[in-house]
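S.K.: Could you build the full structure based on these sequences and the hints that come with them?
Line order of the protein sequences matches chains A and B.
Here the first sequence is numbered in this note's numbering, starting from 5 and rising by one per residue.
Here the second sequence is numbered in this note's numbering, starting from 1096 and rising by one per residue.
Derived from the structure by calculation, the hints contain no laboratory data.
Do not rely on the hints blindly, as some may be mistaken.
[Claimed, not checked] To give a feel for the contact side, a few chain A residues facing chain B, derived at Cβ under 7 Å: (1) D37; (2) I40; (3) Q44; (4) S45; (5) H58; (6) M66; (7) F69; (8) D70; (9) N95; (10) D167; (11) I168; (12) H195; (13) L198; (14) Q199; (15) L206.
[Stated by the list, open to error] Derived lysine-lysine pairs resembling PhoX-like cross-links, with alpha carbons at most 25 Å apart: (16) B:K1107 x A:K196; (17) A:K103 x A:K157; (18) A:K147 x A:K71; (19) B:K1107 x A:K147; (20) B:K1107 x A:K157; (21) A:K200 x B:K1107; (22) A:K137 x B:K1107.
Remember, it's a predicted structure, so these values are computed and weren't measured experimentally.
From the three backbone atoms N, C-alpha and C, an ideal C-beta is built for every residue, glycine too.
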Amino acid sequence: MSVTAAQLPDLENGPTDEELVASTVGGNLASYDELIRRFQSRLYGVIYHLTSNHEDTNDMLMEVFDKAYRSLPTFRGQSSFYTWIYRIAINRTFNFLEKRKRRQGAMSLNEIDEDGLPKFDMPDPVARNNPVKSSMLNELQNKLNESMLGLSKEHRTVVTLYDIQGLAHAEIGKIMGTTEGTVRSRLHYAHKQLQKSLGIYLRR
Amino acid sequence: MKQNDDFTQLQKLLQLKRHETPGQEYFSRFVDAFHQYQRREILREEPWYSKMVEVLFEPWLAGIPRLATVGASAALLVAGIAFFLGPVGPNSSQLADGKVAHERGIMVASNQSDDSAQIQPELIETAAGGEGTQLCPLYVNGHGAVAYDSRLAF
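M.R.: Following this line, the structure appears as structure tokens:
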């Protein structure tokens, strides 16, 4: 189920990320727009699964792309652009979570996104038209979010990158600046924790 | 084996979270929204310390090698320790019997003759400029001196 950056579908055609970076640094702003289109959805996912709030995610995503744009001249290509921008997103989100924790203490389930943006973009038309199934899915979503928020931010990140986004262990290690072994051990611990809190749903 | 099976179930459950997206409409408008955000950001002045914070916490983003940041942080730490543990500087004035008033409002009651570095309330009261004044202790240094912040006096 894991994929590497090179295998991701929208990287297969057209200029490479690095070519777009060079073009942006050279003054072609449309190239940066293209980079945004390539990464907006995946970075949105990472930030959202760490914050559990769409509004915060929107603000953070803007900040991340802005920061990356301003820092492009210092991007030396030692890692891929993909790894680099993911690191910016995760570091910035970690800082944001620390600030949020100091400001309001640990986040409660009631503070999880209630801003009216769609929650599950329900893939199943039956669920969309079935209030009982829809309600069960919402309950499940709340429980999932609650369990995710119960993990430390490092554990939540590996779960997000591996289980939700489907990245490989090695890729996650590069993004988080740690070893593959650490990623595996964090993942194992996180799975055990989640299994404990979501046990009732797993047995259904 | 059972545990592996359970993880598989868990992973299936977690994959449901892939559907928690704001929808395609949001993403198709995002680039335009980002341009507006950038225009606003250009007009907003960054606080003076933001570059320093970035260099300290995200040196790779500022184009600074990690080793240079570690070295600079170590030097800053040593300088900080030297400042707090070092002798009282010329910006302080001696009051009496080892009591010192620092120009930034920090009162130091030196107690070098006494190994125990005990706080002497009467010494503090005098140094603070009046009886009944209580001060909050800040630290005890390696020479048996106790520092109080007179701004915290009540």
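S.K.: Each hint should be assessed against the structure and marked as holding or not.
M.R.: Consistency of the hints with the structure:
{"no.": "1", "hint": "D37", "result": "holds, 5 Å"}
{"no.": "2", "hint": "I40", "result": "holds, 6 Å"}
{"no.": "3", "hint": "Q44", "result": "holds, 5 Å"}
{"no.": "4", "hint": "S45", "result": "holds, 6 Å"}
{"no.": "5", "hint": "H58", "result": "holds, 6 Å"}
{"no.": "6", "hint": "M66", "result": "holds, 4 Å"}
{"no.": "7", "hint": "F69", "result": "holds, 6 Å"}
{"no.": "8", "hint": "D70", "result": "holds, 6 Å"}
{"no.": "9", "hint": "N95", "result": "holds, 6 Å"}
{"no.": "10", "hint": "D167", "result": "holds, 4 Å"}
{"no.": "11", "hint": "I168", "result": "holds, 5 Å"}
{"no.": "12", "hint": "H195", "result": "holds, 5 Å"}
{"no.": "13", "hint": "L198", "result": "holds, 6 Å"}
{"no.": "14", "hint": "Q199", "result": "holds, 6 Å"}
{"no.": "15", "hint": "L206", "result": "holds, 5 Å"}
{"no.": "16", "hint": "B:K1107 x A:K196", "result": "holds, 15 Å"}
{"no.": "17", "hint": "A:K103 x A:K157", "result": "holds, 13 Å"}
{"no.": "18", "hint": "A:K147 x A:K71", "result": "violated, 33 Å"}
{"no.": "19", "hint": "B:K1107 x A:K147", "result": "holds, 15 Å"}
{"no.": "20", "hint": "B:K1107 x A:K157", "result": "holds, 21 Å"}
{"no.": "21", "hint": "A:K200 x B:K1107", "result": "holds, 16 Å"}
{"no.": "22", "hint": "A:K137 x B:K1107", "result": "holds, 17 Å"}
Going down the numbered hints, you'll see the structure goes against just number 18.
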